[in-house]
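A.B. asks: Residues per chain are reported as follows:
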Amino acid sequence: MAMTLLRVQGLCVAYGGIQAVRGIDFEVAEGELVCLIGANGAGKSSTLKGLMGLVRPQGEIWFAGERLHRLATHAIVARGLAMVPEGRGIFGRLTVAENLEMGAYLRRDRDGIRADIARAYDLFERLAERRGQLAGTLSGGEQQMLAIARAMMGRPRLLLLDEPSMGLAPLMVQKIHQTIASIASEGVTILLVEQNAHMALALSHRAYVMESGVMTLSGAAAELRGNADLRAAYLGE
Amino acid sequence: MDIFTQQLINGLVLGSIYALVALGYTMVYGILELINFAHGEVTMIGAMVALTVIGVVMGAAPDLPGLMMVAAGLLVAIPACMALAFGIEKVAYRPLRRAPRLAPLITAIGVSIILQNLAMLVWGRQYISFPPILPHNQHEFLGAHITDLQIFIVLISLLTMAILVLLVEKTRLGRAMRATAQSKEVAELMGVNVDRVISATFVIGAAIAAVAGVMVSAYYGLAHYYMGFMLGLKAFSAAVLGGIGNIAGAMLGGLLLGVIEALGAGYIGDLTGGFLGSHYQDVFAFFVLILVLVFRPSGLLGERVAHRA
Ligand SMILES: Nc1ncnc2c1ncn2[C@@H]1O[C@H](COP(=O)(O)OP(=O)(O)O)[C@@H](O)[C@H]1O
Ligand SMILES: [Mg+2]
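Taken in sequence, the protein lines are chains A and B.
Residue numbering for the first sequence follows the working numbering, starting at 1 and increasing by one per position.
Residue numbering for the second sequence follows the working numbering, starting at 1001 and increasing by one per position.
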């Protein structure tokens, strides 16, 4: 098996007195697409925020052999993590092009940035058409495309996606799937958070299931799709 | 002489100074939703430092052209104000970043009182006069008079605003500032060191304030430890008039407020049958502030009404 890129041990996230994540362990290997599924309020977003240092976590986070613990978010980003937050986090009053440039904020290779922006426009022609428009005028699906394209502008080693299909029409959800699959096929390691377990399991190599701040199940995605409990709880069967 | 045109010119000159100070309020508000009431005092410190430097230069090289002396004053006042604002943000506001909104606001008022008192200790209670080193020639302009000094002030203000707009719209730092103003969290996710961007915002606003402080003391011919108070309140009113948080709004609000004030002062005697004189000039800013807050709290160019309530 490939080298472990991310290893998390005993991760806890709390908001004041509310324990959102209660000591979870998981890992993601280089090149893997791993999903984290669970109902609303299970602690999935809190887990990602803890990884990115947006909330102060407890426990051990190792990324590419280095401890991320207590680093500021921008320093974590500099080490090769990127996150597409829940609700997309588009800069609505910046243009589409400026949003993409923000994704490359820490890069100094102008030519490389220009090439990557061109590539993003090839991949998402809607963004190309709207490059000079304020990002706030895009549709939900287009904003999600932009959010993913923007995160990729940082050339991350590990991409965290928080419910990228949330609130999107089925056709758009499909397009997002394809995008995630194609990013993964380029060798980018992905940790995908979803409530939509069908979609997530279909895309992923492995999966973790989270409930009330703890991990309740984990395994190969194909196996989990056959798991009776999981089917009952998350696949509506 | 055409009183209307004359007051319009006077108003635009004064307004361009208000606009400069208003930019500092609006930039900080745009990023932190903090009304930095100490900003008027930073402007005052800029004027005081520049005047001190001008005094020294006059003593050392009395034959130097006046513009060079003012440039020397600016060259010291700008970095001094930048350092001051950097320190204020770090010491007074940053520890309160997550505190309830009233805490930094009260702190801002405290900082402003401290700066006034420090300035009083350093420069004394008396008015300090701005030496008449700048050319004061009058020119006929559209049936009114405009002086070299007025032209100089407007040009410097426009230049400063143009540099700021370029910085905000075209540079990496400017983009990071606009992104941070929209979401600190997402800006961090892009790799932006938000603390640094906030520092930069204070520092840039202070540099502009230093320019404004020098302009206003040159215009009125004097400086005083208390001058930042009224100037700050007026600039804040201008920022609210334009839509606080909005850079173009601060410029527009500043110019408009200057014009409203000048026209108001020019005509208040006629309007009240001589009951009120032009020394009531200062009330117009607050009259405008109240009207805006009642009828259009988002200001002329502002949008985020609900968000700000
Ligand atoms: N900023 C916050 N302040 C307080 N509680 C929060 C905050 N964010 C999330 N929570 C709580 O933490 C728990 C986990 O939330 P979250 O991580 O968003 O779950 P999920 O992403 O799985 O839906 C929930 O009970 C939620 O109410
Ligand atoms: Mg969530």
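Please keep in mind that the hints were generated in silico from the structure rather than gathered at the bench.
These figures come from a predicted structure and were not determined experimentally.
Careful, some of the hints might be misleading.
Stated by the list, open to error - Below, simulated EDC-like cross-link-like pairs (lysine to aspartate or glutamate); rule was C-alpha separation at most 16 Å, straight line:
hint, chain 1, residue 1, chain 2, residue 2
1, B, K1184, B, D1195
2, B, K1090, B, E1185
3, A, K175, A, E125
4, B, K1184, A, E86
5, B, K1170, A, E98
6, A, K175, A, E98
A.B. asks: So, for every hint listed, does it hold in this structure?
C.D. replies: Okay, the hints, checked on the actual structure:
1. B:K1184 - B:D1195: Judged against 16 Å, a Cα distance of about 9 Å means the pair holds.
2. B:K1090 - B:E1185: violated, 20 Å
3. A:K175 - A:E125: OK: K175 (chain A) and E125 (chain A) at ~13 Å, within 16 Å.
4. B:K1184 - A:E86: Holds, because 15 Å separates the two Cα atoms, which is no more than 16 Å.
5. B:K1170 - A:E98: holds, 10 Å
6. A:K175 - A:E98: violated, 23 Å
Hint compliance for this structure: hints 2, 6 are not met, and every other hint is.
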